[in-house]
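Q: Below are the chains, spelled out letter by letter.
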Amino acid sequence: MFSITRKLRNHGVLGLNERNCDFIMRLNPRRFYPRVDDKALTKVLALDAGMAVPDLYGIIEHQGEVRQFADMVRELGSFVIKPAQGSGGDGILVVTGRSERKRSSFRLSSGALISEGELQYHISNIVGGQYSLSGNRDKALIEYCVRFDPVFAEVSYQGVPDIRVIVYRGYPVMAMVRLPTRASDGKANLHQGAVGAGIDMSTGVTLKGVLEDEIVEEHPDTGALVAGLQIPQWGFILETSAKGYEVTGLGYLGVDMVIDRDLGPLILEMNARPGLNIQIANGTGLANRVARIEEIYDADASPAERAVIARREFAA
Amino acid sequence: MKQRYVYVLAALLAVIGLSVFLYKWQVLGFPVSEDQERPVWTIESAVHFDSGPGTIKVQLHVPTLTPGFRMLNENSVSRGYGFSLNYGSGGREAQWTIRRADGDQTIYYRISVYEDEAVDQADTTPPFPPRPVINEPLNTAVDVLVSDVRDRSADTSSFTTELLRRLNDPSPDPNVELLLAGVESDADFVGIATTLLASARIPARVVHGFPLAGRQRNAALVPWLEVHNGDQWLYFNPVTGEENLPERFFVWWRGNEPLVSVEGGSNVQVDFAVQQNHLDAVAIAETQAAQRGTSAIDFSLYSLPIQTQAVYAVLLMIPIGALVMVIMRNIVGVDAFGTFMPVLIALAFRETKLFWGIILFSVLVTLGLSIRFLLERLRLLLVPRLSAVLIVVVLLMLFISLTSHRMGMETGLSVALFPMVIIAMTIERMSVVWEERGPIDAIRSGLGSLVVAVAAYVFMGMAWLEHLIFTFPELLLVVLAIVLLAGRYTGYRLTELRRFKELSAD
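Those protein sequence lines, which keep their order, are chains A and B. Just so we're aligned, residue 1 is where the first sequence starts under our numbering, counting upward by one. Just so we're aligned, residue 1001 is where the second sequence starts under our numbering, counting upward by one.
Don't take each hint at face value.
As the list claims (entries may be wrong) - Just a sample of chain A residues kept apart from chain B, beta carbon distances all over 12 Å, derived: (1) V53; (2) L56; (3) D149; (4) D200; (5) D221; (6) G228; (7) E246; (8) R261; (9) I296; (10) A299.
Stated by the list, open to error - Here are the simulated lysine-lysine pairs, DSS-like style, with alpha carbons at most 27 Å apart: (11) K1057(B) with K7(A); (12) K208(A) with K7(A); (13) K1501(B) with K208(A).
Said to hold, decoys possible - Which residues of chain A face chain B? A few of them, derived with a C-beta cut under 8 Å, are: (14) I4; (15) L8; (16) N17; (17) I24; (18) I59; (19) Q63; (20) V95; (21) S124; (22) N125; (23) Q130; (24) D213; (25) G283; (26) G285.
In short, the hints are calculated from the structure, not lab data. Backbone N, C-alpha and C define an ideal beta-carbon position, used for all residues, glycine too.
Working from the sequences, and respecting the hints, build out all of it.
A: What follows is the structure in structure tokens.
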């Protein structure tokens, strides 16, 4: 047992306790949490900072407004409903279209049909706080449904793959792409069975994948190789992630981005408590990279410079 | 920096907690293990006499300094008599007085003592006694004997031993024979020895007492010789001359005065009866603390009403449950619903006992969960839905109790002890996880909660631990210190060693 601990230490693997104690509590002041926990606020801040985000179609804040939902989406073919304060992808519904015959019947990313009433119930659950971190009342966001870049077509099942970049004191240190599977119900969440693939920070090419803490070579549903994919606009993605530090003020930050076919990389959300599976996906620990950043830390470096440093330092 | 604060604070708390604990344990004698009982001797002296026509005044020597024993309490039973305790030349004296009394009288004085090694040399150093004035020809005999014994001894102890050897010699020399001519009792014999010692300017006195052993109807007083060597009192067997005190020798009074004196009465007789009891060590320690005027007793839980004590006996175990929770979550890394749900479930297990507790809990959660899935179809708003689940849980409890009662299994009744609000929240949380993450995650977290609850139950149910915490609540400061330290534990959780196994390869 102690030999395992020593090996993990040598690999710089970060544990949950250390993450909570030494990273989150030290680097992430509580007062900045709303900036990332409330996705509506994140969107506003990101827009102010000149970052691209998915369009917001509407916000439903009160139970009384749930009925206006139909009006809100009247003109829309596809959209996403998500709780503003949700965590781990819970409570997110992706509507990709409508039934041919019945306009009030919606098609989910899984292909299932869902009635307007059921969607309204889901929204009122969101507003009631079922998915919110604190259990308090929440807001439901209705926003643009990303049409993902074809580069991921072979390695995604339904949903939208996203890219998670860990940003330590403004420096991107590790990244992975999360690929939805049948098991994850189209959600890009590793806890729900999505595949995570590490990314070579210097080139933006994917590495091996991880599924439920196990290394995998192929996507479980499509069978395509996970490794070797070139993420488009990699430099831009790193730079945008690095900017997340200025936007949120959080020293240990997970930035989630998606690559839209037409709009390019968009900031989806940011996370003050990013998970640790990214280490498995990259086959290496965070602690060593973080230690390197501490050595070369420069408070005056711009996001672009920090992104360049990340590419230089952290080749796979 | 913060790390150091935590260490300092934790160390401080642990030191405070442990030092109070050690003080109460070592000095005040609070027992660390449960049901620890100490023998307590109750010695009853009964003074019998025939009353005369006038006023009656009874004076009885009662124990003052009792090496090896500490007094628990004393009292007197004497109907109609005025009672007072005074200090006389030979120690404490109990005094009873009455204007007039008829017929045979019996007055009781009762004292309870327990062994305590610490009560030994609590006496003051006496001054050198003056040379007693002795008439001739005895005076010459004393001088010869004393100077003879002094020549053959090195110190007080050996002097005494040599003196006693000569006094007990079966074929005594003429001087000894002369001195012991008028001796009638053992006490007189020891009295002569003290006179001889006083002639040698050695403080000495007779002690009267008896060895305590089990139950004695009629304990006989044994005189013993007590000699001060300048540092401490030494005890000598007046017959053998050995320096020792019989085991559990209880000193009743000292000096040459008679045990009892009765004015206005005749046919005086004093009987001693000894009774051995066992008393809870806690009670003894409390009395002791009270006698010392220690404030520890003011903050002892044993001073609370019994019912409140029972509540605190349970409440004080919650920190232990919380500690188990901390270890299971942050060091082992078990998934569980709710922060303290398992601790509350463990509390309920205390009443239901483990086997039935697990069965009842599982049945309740399973039934609640199935009804929760039915409620899902009704599309209720969050708070009403939670309330509905709560009501269903209460109804289920009622149903389980009634059914098991019908079937003659009374254990089912204890289901009512489960924290229903917590169970309702658990069911709700579990159903959400079920929907969102799938049944495997939900069941895993549910089982995790149960495992933590069982672990907490095992520790919270340890009788010795419960006794320890209840008697020494200051140990909770140590628990707090451990929890604080765990709060800064940045090592891996046990489950993470498995989780990151892909990274632990060479």
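Q: Take the hints in turn and mark each one as holding or not.
A: Hints, verified against the model:
Every C-beta of chain B lies more than 12 Å from that of V53(A), the closest at about 25 Å, which supports listing it as non-interface. Once the 12 Å rule is applied to beta carbons, L56(A) is consistent with being away from chain B; the minimum gap is 24 Å. Distance check for D149(A) against chain B: the nearest CB is about 27 Å away, which clears 12 Å, and the non-interface claim stands. Distance check on D200(A): its Cβ is at least 17 Å (rounded) from any Cβ of chain B, clearing the 12 Å threshold; non-interface status holds.
With 12 Å as the threshold on Cβ separation, the claim that D221(A) sits away from chain B holds: the shortest Cβ distance comes to roughly 16 Å. Distance check for G228(A) against chain B: the nearest CB is about 19 Å away, which clears 12 Å, and the non-interface claim stands. Listed as outside the interface, E246(A) is consistent with that label: its C-beta sits roughly 26 Å from the nearest C-beta of chain B, beyond the 12 Å cut-off. Here R261(A) stays apart from chain B, with its beta-carbon at least about 28 Å from theirs, past the 12 Å limit.
Distance to chain B confirms I296(A) as a non-interface residue, since its nearest Cβ pair spans about 23 Å, more than 12 Å. Every CB of chain B lies more than 12 Å from the CB of A299(A), the least distance being 20 Å, so the non-interface label holds. Note on K1057(B) and K7(A): the hinted pairing is violated, with a Cα-Cα distance of about 89 Å set against a maximum of 27 Å. A C-alpha spacing of about 20 Å is found between K208(A) and K7(A), which places the hinted pair at or below 27 Å, so the restraint holds.
Proposed proximity of K1501(B) and K208(A) is supported: the alpha carbons are some 15 Å apart, at most 27 Å. Checking I4(A) against chain B by beta carbon gives a least distance of about 5 Å; that is within 8 Å, so the hint holds. Below 8 Å, beta-carbon pairs count as interface contacts, and L8(A) has one with chain B at about 5 Å; its hint therefore holds. A hinted interface residue such as N17(A) counts as satisfied when its beta carbon comes closer than 8 Å to some beta carbon of chain B; here the least separation is about 5 Å, so the hint holds.
Among the interface hints, the one on I24(A) is violated; its C-beta lies about 12 Å from the nearest C-beta in chain B, farther than the 8 Å criterion. Interface restraint check for I59(A): the shortest CB-CB distance to chain B comes to about 18 Å, outside 8 Å, so the restraint is violated. The criterion of a C-beta within 8 Å of any C-beta in chain B is met by Q63(A), whose closest approach is roughly 7 Å, and the hint holds. Interface restraint check for V95(A): the shortest CB-CB distance to chain B comes to about 18 Å, outside 8 Å, so the restraint is violated.
For S124(A), the suggested interface contact is upheld, since its CB lies about 6 Å from the closest CB of chain B, less than 8 Å. With 8 Å as the threshold, the beta carbon of N125(A) comes within range of chain B, its nearest partner Cβ sitting at about 6 Å, so the hint holds. This hint holds: Q130(A) has a C-beta 5 Å from the nearest C-beta of chain B, less than the 8 Å allowed. Because the beta carbon of D213(A) sits about 5 Å from the nearest beta carbon in chain B, less than 8 Å, this interface hint is met.
Interface restraint check: G283(A) against chain B, minimum CB-CB distance 7 Å, threshold 8 Å, status holds. Evaluation of the G285(A) hint against chain B yields a held restraint, the C-beta minimum of about 7 Å falling below 8 Å.
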